[in-house]
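Visitor: Chains as they are written, first to last, in this note's numbering: chain A, 1 to 345; chain B, 1 to 203.
Please keep in mind that the hints were generated in silico from the structure rather than gathered at the bench.
For clarity, every value in this text was computed on a predicted model and none was experimentally measured.
Glycine is no exception: its CB is placed at the ideal position from the N, C-alpha and C atoms.
Treat the hints loosely; a few may be bogus.
[What the hints assert, rightly or not] Per the computed footprint, the stretches of chain B lying under chain A, defined by three or more beta-carbons under 8 angstroms from a beta-carbon of chain A, are:
(1) 143-157
(2) 167-173
(3) 181-195
[To be verified] Label pairs and their computed distance ranges (CB to CB):
(4) B:Thr-201 with A:Gly-61: 50 to 60 angstroms
(5) B:Asn-89 with A:Gly-309: 30 to 40 angstroms
(6) A:Pro-169 with B:Pro-85: 50 to 60 angstroms
(7) A:Val-62 with B:Pro-42: 46 to 56 angstroms
Here is what each chain is made of, one letter per residue.
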Amino acid sequence: MEIRQAISVSRRLAMLMLIVALCGVLAAESPSSAVMAAPTPPAATISRYMGTVDAGDSNTGVTGRMYDLGCMSGRNSENGIVILDYGQPAFVNGEYGTYMYDTNTTFVSTNTIETAVKRFLKGYWDCSPLGTFLYVGVGTNDQGSGVTTGHASAWAGMINDLNSFILSPPSWGSQEGTVGAIDAEPGFTTSPTPTRSWVDAYAGTANNHYYDFGDCPGCPTSGTPQPAPGASLQSGWTRDDVWYVTWGNPRGFPLPEIYRTDGSNAAQWEQMSLYGAVSKSGPIQVQGSMTEQAACSKSWNVTYCQTYGLNNSPAQGWSQLWDAVNGDSRTAQSPSYSTDISWDN
Amino acid sequence: MRRLHHPRRLMLAAALVAVMIAVPLITFAQSKPSHDYSAYPPEKRVILEAQDRAIATAQAEPRPPKNPQDPKGAAPAAGGGRPTPNPGNLQRTGAGSGSIIETALAPFSSEQFLAQNRWVENQGPTATVVYAGVDGQDASQGRVMVHVVRDGQTVIDGASVPTPTKHGTVRVVGARGELLTLRALDGTTFAFDVVSRKFVTTG
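Based on the provided sequences and hints, a complete structural model is requested.
Guide: The structure is reproduced here in structure tokens:
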């Protein structure tokens with residue numbers, strides 16, 4: 001009797017083990033487990049309004065600020081995407097580049113930016129643990145008369161060069177990549193035409209994609225009222241213009257500003273995604289969120305950000321975006337990235 | 001005695017079978033690409049899948065060492081890492097103890113603040129920048145944003161100050177010492193004291 005009972009118990013235990021094993025397999029296989037539950041936001045990276053191209057001094061062995069910033073990013077085990085925003089497109093003395101965000105609005109050529117970003121990449125490589133992966137989005141914006149097709153081609157050429165540099169032996173491609181990035185904001189412009197031309201020219205030269213980390217002012221936050229077809233949202237931009245720059249272009253991917261604590265930025269991008277689903281070939285896939293908590297957390301800036309409701313934390317911004325796009329089955333998706341932009345560098 | 005061992009053998013066999021089934025299946029499940037691009041249009045899917053393949057290839061290769069001196073020649077040529085600042089083509093005019101730079105570039109979203117120009121004063125390692133413009137949310141509300149920057153790297157102090165009355169966007173048109181004159185499009189002028197960070201009434 002004891003033996004029978006022991007066998008019976010053992011059989012039950014054996015069955016239980018098999019069931020547990022199969023459940024483990026099913027859990028590992030099932031994508032719905034990640035989609036259905038409210039996910040934990042990804043750890044945010046630190047993006048920057050760039051005011052430096054300090055690549056160090058090989059004579060003295062000084063590593064330079066760019067190396068230090070990359071190293072900092074690596075030490076923080078940052079994964080995902082970091083935007084290094086170099087400011088306003090410009091063409092000076094036969095060279096393309098940007099006016100950057102230093103106090104004196106210095107012009108820096110694409111060659112200079114390329115050298116600087118290489119130092120950032122080196123810093124990240126040296127200081128990051130194995131297993132992380134970072135896209136460095138080298139950013140500009142759509143402000144001013146320097147937004148030209150020539151500038152876009154030069155920018156894309158710089159990104160191509162940087163990726164060749166990463167993959168040249170010894171390859172750092174296991175942990176790094178570079179992409180283009182543009183802060184496309186209708187409010188910076190008087191017409192969408194230069195920005196559309198810029199992204200087209202970028203796509204014509206680039207081997208890689210670009211991220212649009214801009215905004216969508218005047219875009220609807222809910223199904224009603226919808227803007228009339230062709231209606232201007234701001235500065236002559238229609239909803240179709242925003243859609244094209246951020247997604248309609250084959251190399252465009254949105255990483256929008258989700259600053260507002262009331263959720264309206266997230267709602268605008270859900271509506272933009274829905275516009276793609278209803279009026280185009282499919283919903284836009286929002287890649288992640290950009291917030292500005294680092295800037296808003298400066299003591300003297302807290303009140304301003306609170307008054308205008310701009311101080312989303314990275315987790316809040318990403319969660320608002322996730323909730324918004326997953327509130328409608330037509331736009332359901334899971335954004336990958338979260339980044340927060342800082343003034344410091 | 002043999003029969004007494006039978007349940008243990010059964011359990012052992014079951015555990016072995018469970019492990020043999022679970023390990024390869026879980027490994028297979030986890031080795032599938034972590035990204036699902038089925039919702040993407042073909043032209044974007046091609047880009048992303050090519051990138052994933054390139055990363056996977058790089059990750060399969062032996063990792064280069066961390067922190068070698070300069071394996072790729074990443075260090076700039078002597079003197080090339082710190083280029084001489086190039087002011088470019090922007091109009092720069094001396095004004096008071098600083099200068100006015102005619103650029104709308106400012107580190108803010110246009111939904112937050114839109115600059116017209118800026119006034120800059122350099123004092124050793126510290127610089128004060130006053131961006132003049134308008135609220136992104138209220139086109140009638142002029143505003144200045146003050147940033148105090150140390151070593152060109154860190155914003156250590158600042159202020160955000162609305163014009164006392166609403167006349168739209170403002171620009172810096174002159175300065176005396178650290179007292180700035182700002183003008184709105186309708187011609188209304190304001191005086192901004194950089195030291196106290198307040199709009200003041202001038203006599």
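Visitor: At least three residues with a C-beta closer than 8 angstroms to a C-beta of chain A: is that true for the stretch 167-173 of chain B?
Guide: violated (count 0)
Visitor: Starting from the hint 50 to 60 angstroms, judge whether the C-beta atoms of B:Thr-201 and A:Gly-61 obey it.
Guide: Hint holds: Cβ distance 55 angstroms, inside 50 to 60 angstroms.
Visitor: Counting residues of the stretch 143-157 of chain B whose CB is closer than 8 angstroms to a CB in chain A, do you get three or more?
Guide: holds (count 7)
Visitor: Okay, the stretch 181-195 of chain B and chain A, do three or more residues pass the C-beta test at under 8 angstroms?
Guide: Since three or more residues must qualify, the claim that chain A covers the stretch 181-195 of chain B is violated, with 0 doing so at under 8 angstroms.
Visitor: In this structure, is the beta-carbon distance linking A:Val-62 and B:Pro-42 contained in 46 to 56 angstroms?
Guide: Hint holds: Cβ distance 48 angstroms, inside 46 to 56 angstroms.
Visitor: Starting from the range 30 to 40 angstroms, see whether the pair B:Asn-89 and A:Gly-309 falls in it by beta-carbon distance.
Guide: Taking Cβ atoms as reference, B:Asn-89 and A:Gly-309 lie about 38 angstroms apart, which means the hint holds.
Visitor: Could you tell me whether the CB distance from A:Pro-169 to B:Pro-85 stays inside 50 to 60 angstroms?
Guide: Taking Cβ atoms as reference, A:Pro-169 and B:Pro-85 lie about 35 angstroms apart, which means the hint is violated.
The structure fails to meet hints 2, 3, 6 from the earlier list, while all remaining hints are met.
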